[in-house]
Amino acid sequence: MTGRRAFLGGLAATLATPALAANPYPLTVSDITGNRVTLAKRPQRILVGDELLFTALSLIDPEIDQRIVLMDSFMKRYDQGLFTELVGLYPNFGKIPRIVELGSASMEQALEAQPDLVLLSLWQKDTTVAAAAQFASLGVPVAYVDLFINPIIHTGPSMELLGQLLGLPQVGLAYARFHAAHITTLHKAGLTAHPETVMLQVYPGIMSCCWAAGGAGFGRYIPIAGGTNIGANHLPGAFGGALSLEFVLAANPRFYIATGLANPHQDRGLTIGFGIDEATARASLTKILASPDIASIPAVAAGRSFALWNFFNGSALNVLAMEAMAGWFHPDLAKRAGIDPQASFDQIRDTFLHKNLTGTLWLAENAA
Amino acid sequence: MSATTAGILAAHRQLKYRRRLTVAALCLVTLIVLAADVLAGPAGLHPVSVLRAALGMGGSSRMELIIVQQIRLPQALAALVVGAFLALSGAQLQTVFNNPLAEGVTLGIAPAAAFGAAIAIVLGISLPLVPGGWIIAGNAFLLAFLATLVLMGLASLGGGTRTLMLFGIGLVFTFNALIALLQIVASQAALQQLTFWMLGSLAGVRWGILWPLLGLAVILIPWSLSAAPALTALRLGEERAISLGLDIRRLRLATFLRVSLMTGAAVASVGSIGFVGLVGPHIARLLVGEDHRIFLPVSAIAGALILLLAQLGAKLVLPDLDVPTGITTALIGLPVFFALIITRRAG
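Quick note, the sequences are listed as chains A and B, same order.
Numbering-wise, UniProt numbering puts 91 at position 91 of the first sequence, and it's gapless, one number per residue.
Numbering-wise, UniProt numbering puts 310 at position 310 of the second sequence, and it's gapless, one number per residue.
Chain A extracted, bound-state conformation:
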């Protein structure tokens, strides 16, 4: 394992040096929606329409912050922890001009930035169709990737695609292989033989009880980790929906998972994520679990409560959330299969990220 990690690390580091890689441009590839994307040269003025994609991009190019000319401010607005960490780690990250979101209102700024590549997430497709068409009419290539709607299937191809577009195809491919290998381990661990019922509540303390995971993101992670989302048959939409507390109590899920973001100054909700130490995350989880509605859920009363960083939704690091859940739902099977999210994260950091990004991304109420 260590040897493989060292090899992958060396490979990624070598291939991340553009001068050593063969020039692949001009390049034509298909994006995740099947659209053909043609790049005449290596993109140096990238417009990132989904700020959360920065982490995925930084796994491929450690100096990606130098190549982005405009980004939306999704992360800046909602996850201060990750934003602050990235400002500290990437010298140009904080200086990149931001728009609220890519759409008709920001089109002038977007065009003024003169991007040579526009990157968007599939979940934004409905709201960015007009902007994408406008860029296409000007000959600016637009590519959609997906780390949220169908993350198990699309994370690998999306990372491969990003690698190709950025001119570092081997790194993208290496991450896709890393992801696929971990998904295969999860599949082979026998976790799905006896699935456990799970209530994954999104933003408790901020949104009233009980907004549950839907058909995308966490809703896809839970089954592969050997769980059954109690809202699955009721909330088919990507973003989930509100289950009644009585339904949650009657469903009597075996596990309860709360999600939150890294906003240490908020007085409500779960504080968890990059830049957050374990003590802070634990204190906020304890507070959430003590609220009467959540405390009434039997899984919480029995101490089977956990917490996850909400932006595992839409993140290339999604496999860490799946592995953490596998360990919670089926500790013996996960251990036997060698599933260890911390080891996976260390591997991602050493092999792809090359930066000391720290924080608390998952947490068990009763740490073993």
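Everything labelled a hint here was simulated from the structure, so no lab data went into it.
Note that beta-carbon positions come from the ideal geometry of N, C-alpha and C, so glycine has one too.
Do not take every clue at face value.
Result set (SDA-like, lysine to any residue): computed pairs, CA atoms no more than 20 Å apart in a straight line [as the list claims (entries may be wrong)]: (1) A:K76 to A:R98; (2) A:K76 to B:V122; (3) A:K287 to A:D277; (4) A:K188 to A:I149; (5) A:K76 to B:I184; (6) A:K76 to B:V185; (7) A:K76 to B:Q183; (8) A:K125 to B:L123; (9) A:K76 to B:R206; (10) A:K76 to B:A189; (11) A:K125 to A:G237; (12) A:K41 to A:D116; (13) A:K125 to A:E101; (14) A:K125 to A:Y90; (15) A:K76 to B:L123; (16) A:K76 to A:Q342; (17) A:K287 to B:R206; (18) A:K335 to A:H187; (19) A:K76 to B:I221; (20) A:K76 to A:Y90; (21) A:K287 to B:G124.
Covered stretches of chain B (in silico footprint by chain A; criterion: 3 or more residues with CB under 8 Å from a CB of chain A, positions within the stretch not fixed) [to be verified]: (22) 41 to 55; (23) 194 to 207; (24) 319 to 332.
Since chain A is already given, all that's left is putting chain B on it; use the hints.
Frame of chain A, contents of chain B only:
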């Protein structure tokens, strides 16, 4: 006694009897729906188990006790009180403004409350003197009160009912525009929370919210009913009411105060629920006429019944989801209202 007088007396007695019968029937239906609301729910508890848990007779599981005592009972009772508050507010406003479209929503009181909630949800800003856990409710209540104070100020300056009504509509547009502005900058989570709040939902009601509501009900409902004779006189027209010795300005100010407290409390507790304040009084008017001694209590019962039916309907159609009550209120209340109009016309 002449034959004509005897006839009039007999007709009056018959009218009183019919009204009593209507009130009794309405009360009975409301009680039945209240019971059905407590009995129904996604957990599919047996009625006997529900009864045992509701009365604390022992032998109930922890889950049964939580579901019945902590979820179903406070929600059902809140529907009763909030429905009564909204309809009673609407009834009094319609009389004071002499306008059948007057109610908390159309006069800007409820939109003001919604704006108060929105600044708490989206910007996290609380107005002074509002403690942490009550930021949303507190802001809603305070803004509703402020909007009413503005209306009261205008009324005390001698603005006519039409001017007041127009001013109220102006407030509606202003607060709705401000809410829309906040929605643009709101995060996804805040937007979802705000949307739920603006649609109105009884799902979050627990005893902590219900007790203050019940406390206010004990004061505000009798206070409203005590104004019935004066409001009946006002219904005859301002000039006739003044000739009967009524201090209209004082009556109007007292009504505004009651209405702001009831609307503010209702909106702060369950969010913005429209329709009940408008239609509750109209149903009452169709059933018992304009005598406020009976019109006001029947409005309150009709409002309570609409909200209870809305909650029960949501539970029966989509039992597992938290469907905002504001959505089902109009869907269930409107057919009842139209049926009543049509049958009355046919009769």
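Status of each hint after checking the structure:
1. A hinted pair counts as satisfied when its Cα atoms are at most 20 Å apart, and K76 (chain A) with R98 (chain A) qualifies at roughly 9 Å.
2. Straight-line distance between C-alpha atoms of K76 (chain A) and V122 (chain B) comes to about 16 Å, which keeps the hinted pair within the 20 Å bound.
3. Distance restraint check for K287 (chain A) and D277 (chain A): the Cα-Cα separation of roughly 16 Å lies within the 20 Å cut-off, and the hinted pair is therefore satisfied.
4. Note on K188 (chain A) and I149 (chain A): the hinted pairing is violated, with a Cα-Cα distance of about 23 Å set against a maximum of 20 Å.
5. The suggested pairing of K76 (chain A) with I184 (chain B) holds, with an alpha-carbon distance near 16 Å, which does not exceed 20 Å.
6. For the suggested pair K76 (chain A) and V185 (chain B), the alpha carbons sit about 13 Å apart, so the restraint of at most 20 Å is met.
7. The hinted pair formed by K76 (chain A) and Q183 (chain B) meets the criterion: a straight-line CA distance of about 18 Å does not exceed 20 Å.
8. At most 20 Å may separate the alpha-carbon atoms for a hinted pair to count; K125 (chain A) and L123 (chain B) exceed this at roughly 28 Å.
9. Between K76 (chain A) and R206 (chain B) the CA atoms are separated by roughly 35 Å; this puts the pair beyond 20 Å, and the hint is violated.
10. Annotation: proposed proximity of K76 (chain A) to A189 (chain B) holds, straight-line Cα distance about 15 Å (limit 20 Å).
11. For the given pair, K125 (chain A) sits about 15 Å from G237 (chain A) by alpha-carbon distance, which is consistent with the 20 Å threshold.
12. A distance of roughly 9 Å separates the Cα atoms of K41 (chain A) and D116 (chain A); the hinted pair therefore holds under the 20 Å criterion.
13. Taking the CA atoms of K125 (chain A) and E101 (chain A), the gap is about 12 Å. The hint holds against a cut of 20 Å.
14. Taken as a hint, the K125 (chain A) and Y90 (chain A) pair is broken in the structure, with Cα atoms around 28 Å apart against an allowance of 20 Å.
15. For a cut-off of 20 Å, the pair hint linking K76 (chain A) to L123 (chain B) stands: about 16 Å separates their Cα positions.
16. A threshold of 20 Å between alpha carbons decides the hint, and for K76 (chain A) with Q342 (chain A) the separation of about 26 Å lies outside it, so the pair is violated.
17. Of the pairs offered as hints, the one joining K287 (chain A) and R206 (chain B) holds, with about 19 Å between alpha carbons and a cut-off of 20 Å not exceeded.
18. The suggested pairing of K335 (chain A) with H187 (chain A) holds, with an alpha-carbon distance near 14 Å, which does not exceed 20 Å.
19. A hinted pair counts as satisfied when its Cα atoms are at most 20 Å apart, and K76 (chain A) with I221 (chain B) does not qualify at roughly 49 Å.
20. Between K76 (chain A) and Y90 (chain A) the alpha-carbon distance is near 14 Å, which keeps this suggested pair within the 20 Å criterion.
21. For the suggested pair K287 (chain A) and G124 (chain B), the alpha carbons sit about 19 Å apart, so the restraint of at most 20 Å is met.
22. Here's how the stretch 41 to 55 of chain B fares: 4 of its residues keep a CB closer than 8 Å to some CB of chain A, so the rule of at least three is met and the hint holds.
23. Residues of the stretch 194 to 207 of chain B lying with their CB closer than 8 Å to a CB of chain A number 5, which satisfies the three-residue condition for coverage.
24. With a threshold of 8 Å between beta carbons, the proposed coverage of the stretch 319 to 332 of chain B by chain A holds, since 4 of its residues qualify and at least three are required.
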